[in-house]
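Participant: Residue-level listing of the chains:
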Amino acid sequence: MTKILVDGVEVDVPGEFTLLQACEQAGVEIPRFCYHERLSIAGNCRMCLVEVKGGPPKPQASCAMSVKDLRPGPNGAPPEVLTKSPMVKKAREGVMEFLLINHPLDCPICDQGGECDLQDQALVFGVDSSRYRENKRAVEDKYIGVLVKTEMNRCIHCTRCVRFTAEVAGTGDMGAIGRGEDMEITTYLESAMSSELQGNVADLCPVGALLPKPQSFRGRPWEYQKTETIDVMDALGAAIRVDSRGREVMRILPRINDLVNEEWISDKTRQIVDGLKTQRLDRPYIRENGRLRPASWQEALAAVAAKTKATPASRIGALVGDLAAIEETFALRLLAEQLGTPNLDCRQDGAKLGPKFGRASYLFNATIAGIEQAGAALIIGANPRKESPVLNARIRKRWLRGDFKISLVGERADLTYGYDYLGAGPDSLLQFLRSAKPVEKLLVIIGQGALAREDGEAALTLAAQSAQNLGGLSDGWNGFSVLHTAAARVGALDLGFTPGAGGLDAGAMAKAGALDLIFNLGADELAIEPGAFVAYIGTHGDRGAHRADVILPGAAYTEKSGLYVNTEGRVQRAFRVVFPPGEAREDWAVLRALSGALGNPLPFDSLAALRRRLVEAHPHFAQVDEIAPGEAAQIIALASHPAVAMKDPFAPAIENFYFTNPIARASAVMAECSALAQGRLAQAAE
Amino acid sequence: MSVRRLAEEQTESFEFTPENKAWLDEQIAKYPDGRQASMVVPALWQAQKQHDNWLSQAAIENVAQALGMAKIRVLEIATFYSMFNLAPVGKYFIQLCGTTPCLLAGSDEIIDVLQRRVGPQRRVTDDGLFSWLEVECLGACCNAPMVQINDDYYEDLTAENFEKLLDNLAAGRPVKTGSQIGRVSSEPVGKLTSLTSFYGDGAK
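Chains as they are written, first to last, in the numbering used here: chain U, 1 to 686; chain B, 687 to 890.
These are computed hints drawn from the structure, not numbers from a lab. Owing to the predicted nature of the structure, the values given are computational and were not obtained by experimental measurement. Every residue, glycine too, gets a C-beta built ideally from N, C-alpha and C. Treat each hint with caution, since some may be false.
Using 30 Å as the maximum straight-line C-alpha spacing, the simulated DSSO-like pairs for lysine-lysine come out as follows [unchecked claim]:
(1) U:Lys226 to U:Lys277
(2) U:Lys405 to B:Lys716
(3) U:Lys356 to U:Lys397
(4) B:Lys777 to B:Lys877
(5) B:Lys757 to U:Lys397
(6) B:Lys757 to U:Lys405
(7) U:Lys397 to B:Lys716
(8) U:Lys213 to B:Lys757
(9) B:Lys850 to B:Lys735
Anything over 10 Å on all C-beta distances counts as not near chain U; from chain B, calculated [stated by the list, open to error]:
(10) Ser688
(11) Lys716
(12) Pro728
(13) Lys735
(14) Trp740
(15) Met755
(16) Ala756
(17) Glu762
(18) Pro774
(19) Asp798
(20) Arg808
(21) Leu824
(22) Asn854
(23) Lys862
(24) Gln866
Short, incomplete list of chain U residues facing chain B, as computed with Cβ under 7 Å [stated by the list, open to error]:
(25) Phe17
(26) Gly172
(27) Gly175
(28) Ile177
(29) Gly178
(30) Glu190
(31) Arg613
Model the full assembly from the supplied sequences, consistent with the hints where possible.
Facilitator: The following block contains the structure:
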């Protein structure tokens, strides 16, 4: 630790801290454009100039000079940083004047207005007028993809976007061509960016040069109501802020949560906004003579109740989809218990995961932040880049630090980092298991591609054996990590929403003639064969609604408060942003009403009462933002099972990153992204 | 300087010749694993030499491929350095220095000659022999005005000797590089004006 004086206040900071960080530690804010905590240091905007004593006698870029670069005074006095001296004030004014020379005065028509770093800092650190009388520089706007709009006159060349795509996203999409005044930020010959994290460059841009394209000219930041909630597009549970105006969700932005998503979110998380408004089920429907007709809630509930009463319990089933919150899953479970059916399942994809091996057998035990502590990684049947792009960025972050060997079994894909390809199927894994040497802190990531198949349990066992034998389990380290793709999955497994004794699983329930009545809580990824009467509670006119006999309109994740458990087992709370459209209601209330129509109301009348019930039955759901860790002993027990795996290669769990759930499939922006990703859309300059 | 973009008309493809490929592989092997990107300037230079002194899109992509770099990284380098030509140039590519010392010593006359004989900047003559570009200081101010033609400097130019030089180049006759008025390197023109006596001589 090194002592340093910041504006006369002594702080004790590590020597490798930059002056900027030391100043922040002392509570002094330094203006900056190019510096970003999670990116490498560029030092090119010069906004963070400070005066130092104990270093060169000129303004110093505080982001690029570390505390240990400064010498102590002759009598051992600590080096000093001045941030409020006349020299600093003048330097900041000068830098700001230079930055504004070529910056257009279009704040009134710029979408960044109101949340623009340049605007704010010009107000605080700039001077009131310009001495520049010449023509401003003009730069052509660039096409860089469907999610980010460019307005390159406004660019101040901070290169945050370049560093982000090169370092975090790992695709190296953006760059700065030319030099000096002619420097221009662009992608290679204006091709579309290829990263699943590209939307973040618009957040990083301190000015209005890169803006989210789908939100162009829609509103001003101060008009929005901001609600902090949790994302459900993948099993990561990224922290998001949803901005709404009136009854409309306007945009989704990341929130900082170092334990989960740092400050990035995937494009799907960010831009499914339009999917929340299209294809919505806003009133109940009943199928008559093969066609769905609008109905009232009474009619719809009565139809389901009549069918339920006429069906024996063993012929009733209940399915939970990928986006359901814990509350409604719990309510559906209570309803199923009331009816006495053992046919429950939350695993539409048929993943061979369940509570029977213990909670540790289906959690990402290493935790997302724990990826950075790992010593090596073995990825089995997963494509983290598609299944959770932000988690993939975390793996890449660890890989960039070096000394991190990654081995992969499964689909050979571009994951943005290098890996040893072992093979496509379980046989390669078995061979690796026999031949590899143990390493310290092995991270074993097993994906749904390896689990959602007949021999999924064997793959799970092999993964547990790899963890046990190759260094995945040690004191304070549990590297056995299941990467889920569905936000609802871990919570539903915690609730034990799996077939009871003699019950059918999702695949068997969907078979023709297996059941007479299925309660479908948003399970849209599964094709239910003709035969059974399907009561569908969901949000979008997707596969589930097309198959339904009665549609009970529910609430999307932005329209209900609820708990979600992410892939590492972290319980997180999502909050309602807007109300469900039309006559749609929150799913738990729909289930409560349905139980009332059946003449046997569920024992709660409010979400709070439901939560109380839930926490009584499952105390760990009360620990919001915490993880109830899985036990390593369960992994060892799992590893002791015999494993007979087939030879077939592991298939990817996600065919199309942009179409994994009904909301995404309803989104035109996602469709455009998908088309681009498929290479169908010609790269047309704007 | 101005905004540098790739040429509108591109060649179909680019492959290093076997000799250049061998040279490239040999050079790449000198770099530690994962640091091959440091090779990008020599690789582009070799590609440019092979490809009639200019870099096509295909050449840039070929280099990116060979060094395992993102294409944009190579494009950044190619557009940054003015030594890389992004459009076709003449067989004799004339870079004329128009910076202050050359300007004072009469580079305007040389420009007039070029305008008349070759045409506007960046345009290749119909016979493919010449194209020219005004560049910043090339560091031969003592012998101003000067031009660089391909790899060589031609100094102490006047309108007359420069025209003669161009004639000789066009006709394929041998030309003299360096000073065109016969002085050796940058020694004074005419007689010495300083250091005219040895130390101590004046004291006698």
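Participant: Are the hints correct? Go through all of them and say.
Facilitator: Evaluated hints:
The straight-line distance between the Cα atoms of U:Lys226 and U:Lys277 is roughly 18 Å, inside the 30 Å bound, and the hint therefore holds. The straight-line distance between the Cα atoms of U:Lys405 and B:Lys716 is roughly 24 Å, inside the 30 Å bound, and the hint therefore holds. For the hint linking U:Lys356 to U:Lys397, the alpha-carbon distance of about 34 Å lies beyond 30 Å, and the restraint is violated. At most 30 Å may separate the alpha-carbon atoms for a hinted pair to count; B:Lys777 and B:Lys877 exceed this at roughly 38 Å.
A hinted pair counts as satisfied when its Cα atoms are at most 30 Å apart, and B:Lys757 with U:Lys397 qualifies at roughly 22 Å. At most 30 Å may separate the alpha-carbon atoms for a hinted pair to count; B:Lys757 and U:Lys405 meet this at roughly 26 Å. At most 30 Å may separate the alpha-carbon atoms for a hinted pair to count; U:Lys397 and B:Lys716 meet this at roughly 28 Å. With a C-alpha separation of about 25 Å, the suggested pair U:Lys213 and B:Lys757 falls inside the 30 Å cut-off, and the hint holds.
A C-alpha spacing of about 27 Å is found between B:Lys850 and B:Lys735, which places the hinted pair at or below 30 Å, so the restraint holds. At roughly 6 Å from the closest C-beta of chain U, the C-beta of B:Ser688 falls inside 10 Å, breaking its exclusion from the interface. Under the 10 Å C-beta cut-off, the non-interface status given to B:Lys716 relative to chain U holds; the minimum distance is some 21 Å. With 10 Å as the threshold on Cβ separation, the claim that B:Pro728 sits away from chain U holds: the shortest Cβ distance comes to roughly 19 Å.
Consistency note on B:Lys735: stated as away from chain U, and its beta-carbon is indeed over 10 Å from all of that chain's, at 22 Å minimum. With a closest Cβ-Cβ approach of about 17 Å to chain U, B:Trp740 is found to remain outside the 10 Å limit, as its non-interface label requires. A beta-carbon of chain U comes within 10 Å of the beta-carbon of B:Met755; the shortest separation is about 8 Å. With 10 Å as the threshold on Cβ separation, the claim that B:Ala756 sits away from chain U is violated: the shortest Cβ distance comes to roughly 3 Å.
Remark: the non-interface label on B:Glu762 conflicts with the geometry, its nearest Cβ contact in chain U lying 5 Å away (cut-off 10 Å). For B:Pro774, the non-interface assignment is confirmed: its Cβ lies about 19 Å from the closest Cβ of chain U, beyond the 10 Å cut-off. The non-interface label for B:Asp798 is consistent with chain U: the shortest C-beta to C-beta separation is roughly 28 Å, beyond 10 Å. Distance check for B:Arg808 against chain U: the nearest CB is about 15 Å away, which clears 10 Å, and the non-interface claim stands.
With a least CB separation of 18 Å from chain U, B:Leu824 remains clear of the 10 Å interface cut-off, as annotated. Every CB of chain U lies more than 10 Å from the CB of B:Asn854, the least distance being 35 Å, so the non-interface label holds. Look at B:Lys862: its CB is around 35 Å from the nearest CB on chain U, clear of 10 Å, so calling it non-interface holds up. With a closest Cβ-Cβ approach of about 32 Å to chain U, B:Gln866 is found to remain outside the 10 Å limit, as its non-interface label requires.
Because the smallest distance between the Cβ of U:Phe17 and any Cβ of chain B comes to about 28 Å, over 7 Å, the interface hint for this residue is violated. The interface hint given for U:Gly172 holds, since its Cβ lies 3 Å from the closest Cβ of chain B, which is under the 7 Å cut-off. A least Cβ separation of about 4 Å between U:Gly175 and chain B falls short of the 7 Å threshold, and the interface hint therefore holds. Among the interface hints, the one on U:Ile177 holds; its C-beta lies about 4 Å from the nearest C-beta in chain B, closer than the 7 Å criterion.
Interface restraint check: U:Gly178 against chain B, minimum CB-CB distance 5 Å, threshold 7 Å, status holds. Because the beta carbon of U:Glu190 sits about 11 Å from the nearest beta carbon in chain B, more than 7 Å, this interface hint is broken. With a cut of 7 Å, the hint placing U:Arg613 at the interface with chain B is violated, because the nearest CB-to-CB distance is about 54 Å.
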